[in-house]
Every structure is written in structure tokens, then in C-alpha cells.
Amino acid sequence: MRVNVDKVLERDQKLSELDDRADALQAGASQFETSAAKLKRKYWWKNCKMWAIGVAVVVLIIIIIIVWSVSS
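Heads up: the sequence shown is residues 1 to 72, going by the working numbering.
Treat the hints as calculated values from the structure; they're not laboratory data.
Nothing here was measured: the structure is a model prediction, and the numbers come from that model.
There's no promise every hint is true.
Stated by the list, open to error - Pair ranges (Cβ atoms, derived):
#1 N47 x S69: 51 to 59 Å
#2 Q13 x M50: 30 to 38 Å
#3 K49 x D12: 40 to 48 Å
#4 A36 x I62: 53 to 61 Å
#5 A37 x V57: 26 to 34 Å
#6 D20 x K49: 24 to 32 Å
#7 A36 x A56: 28 to 36 Å
#8 L18 x M50: 33 to 41 Å
Backbone N, C-alpha and C fix where the C-beta goes; we use that ideal spot for every residue, glycine too.
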């Protein structure tokens, strides 16, 4: 009988530890999700800036070609 009580107490302790680990894992997952969203947004804006610079360069080249051909 004493052995069974000890096993139940040990099982309860292990379940409590498992619950604590699960809570910590959940908190880590939430933090990871937040960080991933911020990083995604950061690189989305970086990509938009690169596209804007590329378009500006192409437009500038077209303007230079038009001005050069009109003045010739």
C-alpha cells in the first residue's frame, strides 16, 4: 500500500513538472511567433524598398534616354 502511495505521489510530481515544461514551451512558442511576424514584416519592407529603388533607377534611365534622344 505504501508503495502505491509513493508511486502516485511520484506520478503527481512528474505530471506537475510536465505541466510546467508545457507552459514554458507554450510561452516560447508565442514569443517565437511574435518574433517571426516582426522579422517577416521587416524583410517585407526591405523588399519593397529594393523594388522602389529598382523602379526609380529604371525610370531615371528611361528619362535619360528620352532626353538624350530628343536633344540629338
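Q. Of the numbered hints stated previously, which ones are contradicted by the structure, given in increasing order?
A. 1, 2, 3, 4, 6 and 8
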